[in-house]
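Colleague: Kindly produce the complete structure, drawing on both the sequences and the hints.
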Amino acid sequence: MSMQSSEEAAFVQDEVSSIVKESIDQVMQIATYNHAKVPQWTSDVIETCMKKLTLLNKPFKYIVTCAIMQRTGAGLHMASSCYWDNTSDGSVTQKWENKTCYCIVTVFGLAI
Amino acid sequence: PISTGAVVKASRAEGGWRLAQQVVPSMPTEPEHALRPLHKNRFSTTAAKDIINEVLETKLKDKTYNAELTSQWSRDIADEIKMKLKALELPRYKYVVNVAIGEQRGEGIRIGCRCFWDSDVDAYADSTYKNDSLFCSAIAFGVYLY
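Heads up: the protein sequence lines correspond to chains V and S, in order. Taking our numbering, I'd label the letters of the first sequence as residues 1 to 112. Taking our numbering, I'd label the letters of the second sequence as residues 1 to 146.
No lab work stands behind these hints: they were computed from the structure. Among the clues, some could well be false.
[To be verified] In silico contact screen, one side only, chain V against chain S (beta carbon under 7 Å); selected entries:
1) Met50
2) Lys61
3) Tyr62
4) Leu76
5) Met78
[As the list claims (entries may be wrong)] In silico negatives: residues of chain S with every beta carbon more than 12 Å from chain V:
6) Pro37
7) Leu38
8) His39
9) Asn41
10) Arg42
11) Ser44
12) Thr45
13) Asn53
14) Glu54
15) Glu57
16) Thr58
17) Ser127
18) Asn131
Every residue, glycine too, gets a C-beta built ideally from N, C-alpha and C.
Modeller: Printed below as a string of structure tokens:
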């Protein structure tokens, strides 16, 4: 059984990072925090990200998380702990903000 | 000696048949190349949810939001949940645990996630904990390695 070359099968952080940034900009550009619209925005950001990631056609399973929070001066801490194969799996977190809200998107890619 | 999966050998000697070896049915075990886990080895949402609830309850019971310590708490909680999931000893599973702790100031927050995986073998479990000064959202994903 031939093994795939390591570049093809590893999680490429830069590529995924730029995809995530593009997706957030696309959806959240003109958004002011609006409680009713937030569920729609989170879904849109995640779906846009997911579509672009699947177009990469890599042998990966993806988990995309998005958190949108109102800017009231409150603090938020996010942490993640993963049990996986360091050589092939990875994650990327992108933070985006405007005057009224924060948007944090994390993508975990796990090789199959 | 009795060995699992051994073939029955019966020999015909004078006076009738004699059983040389006995067949012992072997328990189904996962072969090295399994594409699917056995049903008892699947990631169980309910078991994982209980683990998360337990960890959040013990770690955050009487705590108040504190800007310096909360970042340490979130890391500790994520590591503890991951260790407990490892202790379940599900073979060939990878785990990802995400924890978010925020201050309760009446702000709105929405956390969503979507996964591109094999829903037959992969699953997730999530839970939130709230008290007067903080809220915590923890989610654990279990992904099978083929």
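Colleague: Evaluate each hint against the coordinates.
Modeller: We went through each hint and held it up to the structure:
1. Nearest Cβ of chain S to the Cβ of V:Met50: about 6 Å, under the 7 Å cut. The hint holds.
2. The restraint placing V:Lys61 at the interface with chain S holds, with a minimum CB-CB distance near 4 Å, inside the 7 Å limit.
3. Taking 7 Å as the C-beta cut-off, the interface hint given for V:Tyr62 holds, the closest approach to chain S being about 4 Å.
4. For V:Leu76, the interface hint holds, since its Cβ comes within 7 Å of a Cβ in chain S; the closest pair sits about 4 Å apart.
5. This hint holds: V:Met78 has a C-beta 5 Å from the nearest C-beta of chain S, less than the 7 Å allowed.
6. Every Cβ of chain V is farther than 12 Å from the Cβ of S:Pro37; the closest lies at roughly 14 Å, confirming the non-interface assignment.
7. Here S:Leu38 stays apart from chain V, with its beta-carbon at least about 19 Å from theirs, past the 12 Å limit.
8. The beta carbon of S:His39 is kept farther than 12 Å from every beta carbon of chain V, the shortest such distance being approximately 21 Å.
9. Even its closest Cβ contact with chain V, about 16 Å, leaves S:Asn41 beyond 12 Å, as expected for a residue assigned away from the interface.
10. Against chain V, the non-interface label of S:Arg42 holds: every CB pair exceeds 12 Å, the least being about 16 Å.
11. The beta carbon of S:Ser44 is kept farther than 12 Å from every beta carbon of chain V, the shortest such distance being approximately 16 Å.
12. Consistency note on S:Thr45: stated as away from chain V, and its beta-carbon is indeed over 12 Å from all of that chain's, at 15 Å minimum.
13. For S:Asn53, the requirement that its beta carbon stay farther than 12 Å from each beta carbon of chain V is met, with the minimum near 17 Å.
14. Taking the minimum C-beta to C-beta distance to chain V, about 16 Å, the non-interface status of S:Glu54 holds against the 12 Å cut.
15. Every CB of chain V lies more than 12 Å from the CB of S:Glu57, the least distance being 18 Å, so the non-interface label holds.
16. The Cβ of S:Thr58 lies farther than 12 Å from every Cβ of chain V, with a closest approach of about 17 Å, so its non-interface assignment holds.
17. For S:Ser127, the condition that its CB be more than 12 Å from all CB atoms of chain V holds, with the nearest at approximately 15 Å.
18. For S:Asn131, the condition that its CB be more than 12 Å from all CB atoms of chain V holds, with the nearest at approximately 15 Å.
In the structure shown, no violation is registered for any of the earlier numbered hints.
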